[in-house]
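Let the sequences and hints guide you as you build the complete structure.
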Amino acid sequence: MRNKRFNFSFSLLPFCSGIVAILLVSYIGLIAVVMSYAALTVEFSQSVRNDESKVATLESEYLASVARTANTNYATAGYAKPLTKLFVRVQSATALR
Amino acid sequence: MRAQFRSRIRLILSLIVCAAFFILLRLYFIQVVQGHEYVQKADRQFASGGNGVFDRGSIYVVRKDGALISAAALSTGFLVAINPQTLTDPEAAYAAIAVVASSTLLSHDAFLAVTTKKNQVYIEVAHRLTDEDGRALAARAISGVHVLHENWRYYPGGSLAAQSIGIVSYGSGDVLAGQTGLEAKYDGTLSRSGDLLYKNFFAELFSNVGNLLVNAKDAREGNIETTIEPEIQTRLENDLAKVNERYSSKESGGIIMDPSTGAIVALASYPFYNENDLQNVDPTLFGNPLVEHVYEFGSIMKPITMTSALDAGVITPETTYTDTGCITVDTKSICNWDSKARGVIPMQQIIVQSLNVGASWIATRLGQDTFREYFTRLFGQKTGIDLPNEGHALLGNLSKPQQVGYDTAAFGQGIAITPIQMIRALGAIANGGMMVQPHLVSAVRLDSGIVRKLDWSKKTPVFSATAARETTQMMTALVDQKLEGGKAMIPTMSVAAKTGTAQLIDGHGGYFSDHFFHSFVGFFPSYNPRFIILLYTNDPQHVEYASETLDTTFLGLVHFLIDYYQIPPDRGFATTTPA
Numbered sequence: 001m002r003n004k005r006f007n008f009s010f011s012l013l014p015f016c017s018g019i020v021a022i023l024l025v026s027y028i029g030l031i032a033v034v035m036s037y038a039a040l041t042v043e044f045s046q047s048v049r050n051d052e053s054k055v056a057t058l059e060s061e062y063l064a065s066v067a068r069t070a071n072t073n074y075a076t077a078g079y080a081k082p083l084t085k086l087f088v089r090v091q092s093a094t095a096l097r
Numbered sequence: 001m002r003a004q005f006r007s008r009i010r011l012i013l014s015l016i017v018c019a020a021f022f023i024l025l026r027l028y029f030i031q032v033v034q035g036h037e038y039v040q041k042a043d044r045q046f047a048s049g050g051n052g053v054f055d056r057g058s059i060y061v062v063r064k065d066g067a068l069i070s071a072a073a074l075s076t077g078f079l080v081a082i083n084p085q086t087l088t089d090p091e092a093a094y095a096a097i098a099v100v101a102s103s104t105l106l107s108h109d110a111f112l113a114v115t116t117k118k119n120q121v122y123i124e125v126a127h128r129l130t131d132e133d134g135r136a137l138a139a140r141a142i143s144g145v146h147v148l149h150e151n152w153r154y155y156p157g158g159s160l161a162a163q164s165i166g167i168v169s170y171g172s173g174d175v176l177a178g179q180t181g182l183e184a185k186y187d188g189t190l191s192r193s194g195d196l197l198y199k200n201f202f203a204e205l206f207s208n209v210g211n212l213l214v215n216a217k218d219a220r221e222g223n224i225e226t227t228i229e230p231e232i233q234t235r236l237e238n239d240l241a242k243v244n245e246r247y248s249s250k251e252s253g254g255i256i257m258d259p260s261t262g263a264i265v266a267l268a269s270y271p272f273y274n275e276n277d278l279q280n281v282d283p284t285l286f287g288n289p290l291v292e293h294v295y296e297f298g299s300i301m302k303p304i305t306m307t308s309a310l311d312a313g314v315i316t317p318e319t320t321y322t323d324t325g326c327i328t329v330d331t332k333s334i335c336n337w338d339s340k341a342r343g344v345i346p347m348q349q350i351i352v353q354s355l356n357v358g359a360s361w362i363a364t365r366l367g368q369d370t371f372r373e374y375f376t377r378l379f380g381q382k383t384g385i386d387l388p389n390e391g392h393a394l395l396g397n398l399s400k401p402q403q404v405g406y407d408t409a410a411f412g413q414g415i416a417i418t419p420i421q422m423i424r425a426l427g428a429i430a431n432g433g434m435m436v437q438p439h440l441v442s443a444v445r446l447d448s449g450i451v452r453k454l455d456w457s458k459k460t461p462v463f464s465a466t467a468a469r470e471t472t473q474m475m476t477a478l479v480d481q482k483l484e485g486g487k488a489m490i491p492t493m494s495v496a497a498k499t500g501t502a503q504l505i506d507g508h509g510g511y512f513s514d515h516f517f518h519s520f521v522g523f524f525p526s527y528n529p530r531f532i533i534l535l536y537t538n539d540p541q542h543v544e545y546a547s548e549t550l551d552t553t554f555l556g557l558v559h560f561l562i563d564y565y566q567i568p569p570d571r572g573f574a575t576t577t578p579a
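So the protein lines, in turn, are chains A and B. According to the numbering used here, the first sequence is numbered sequentially starting from 1. According to the numbering used here, the second sequence is numbered sequentially starting from 1.
I should point out that these hints are in silico values taken from the structure, not numbers from a laboratory. One thing to keep in mind: the hints can contain errors.
[Said to hold, decoys possible] Stretch by stretch, here's where chain B covers chain A in the computed footprint (C-beta under 8 angstroms, at least three residues):
#, region
1, 12–21
2, 42–52
3, 55–63
4, 67–75
As the structure is a computational prediction, the values presented were derived from the model and not from experiment. A virtual CB, placed ideally from N, CA and C, is assigned to each residue, including glycine.
Take a look at the structure:
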């Protein structure tokens, strides 16, 4: 019976060099991905902030119009107070107190 | 087999060599061919990163339909910085910057002075450029001039609820942080840490893997949602400004609160300040008198004295006493506002006619220990409102044996209370005897997307529902019969109210005879109130009684709120009245 022996030999140096090279390229690639991610995140974040800023400007206009309305003197705008006020009778007897 | 393996290894290695060569080639282009451009870009990023782009959560006011409106937000634009080492033509640079940033740019001389600091690489010279102006300046690519993104705090309402919203500033440190109001109270939620985007992924992976999976900041950072209703807040501020200007008061304030929950829908103190322009603001205005200052409120204390006595069982609404107009207690004279005697009258008249002698009589009936017990329960602790620097009530007279201290406290003199404590105590009459927790923030909207409702449901029982209702009836009678001679009565809506006029202390242990503090409290509908309103004006000129200064404002607010919220009638007189 022939003694079958696994006759596989390889040099350790090229193998390790290959592994190191693969790791190096992967590392550089991952750094590139992370930096790109960070740059895009900053960009998107600033974009959101810019949009929020525009909304805040619109909200400012809305609040200014509310203040203007509250501050309007209707008498000088030509409106007069009603001579009488009619109060509507409450419909539900249970609500009477 | 071996040959095949070798060929595969060679193939892989050749691919790696190609990739490495490609990277080397790319590095050559980046570092050598386009090196100058990237150096400049890196310089800008270094400067920007070192400074940190300001970020902060928003504060929202909530309209009655649930729409969120920003009361504090971020505005975005650009700042201009120079690098004196690379700036070649300072005059030309100044002229170019001045075109787009004349208002915030350093003066010409100051600008030229900083350009001589050749040991520095980054000096900010102008701020808050608009997007268009910033991009226009950046497009000119002036050597040594950098245009960088900048965010800053912006308050869309300007002066709207300024004392409640608060301000952001550097304070004593070098970090922008909330200094007053909600900005300070919720600084932990609103502030943002700036290391999120630039952190080292690998360092985080090996040292802090937990944070990569579950970010702790997501559970802390967010925006806050207040109970303030912008239209009511605007209306209250407008009304207070009018009162203050008309009577030349030192200050005026007001709170509108839901007495059943403690949610404050409006809280304002005049004078106001514009939060977007703080340069010339008197620093004393940054505080909030409604929670920090104490006042002697005068006769709006009488309903509290009355309810305490009814709750203690020492009187009933039918109890009578003999009103002599003036009494002497511990050698001090206590008189009604008009010094007139009323004879034998029931308890309701103490509220309706605002009788000091009657309030003193009730205090005597209560006894010092019981009186102190009630008032300490009502005013002895802070309300816990979510605003900083809440003040303490001054109840020193109630720890002395002299009866006059208790008698005067019964009608709101000699003890000083914060407005927020006062409305909480009066709210206990409105809501059937429970003290609620006044609050301004209803929810935190976390950046993770979760809306966390804040729990303000803790209530402290202080009066029986019966005692509260009996006092409410007296206060309602005041509006229906007495206020504006009965013309203030709303036929379809019961309104309970009480005026208060207190003499101001003169600083020498006594009181002025011609300087007053006016207050006004009311709630409606009387027996199931939606709102309680507290108003005051400090030292109004040429007017003596609160019924003259604040009743129009109060009634105007009542009608506004009824219309705005379409509050249904609670009583049934169908009638026509003069407007």
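Comparing the hints with the structure gives:
1. 12–21: holds (count 5)
2. 42–52: Check passed, 6 qualifying residues.
3. 55–63: Since three or more residues must qualify, the claim that chain B covers the region 55–63 of chain A holds, with 7 doing so at under 8 angstroms.
4. 67–75: With 3 residues closer than 8 angstroms to chain B, the region 67–75 of chain A meets the three-residue bar; holds.
Hint compliance for this structure: every hint is met.
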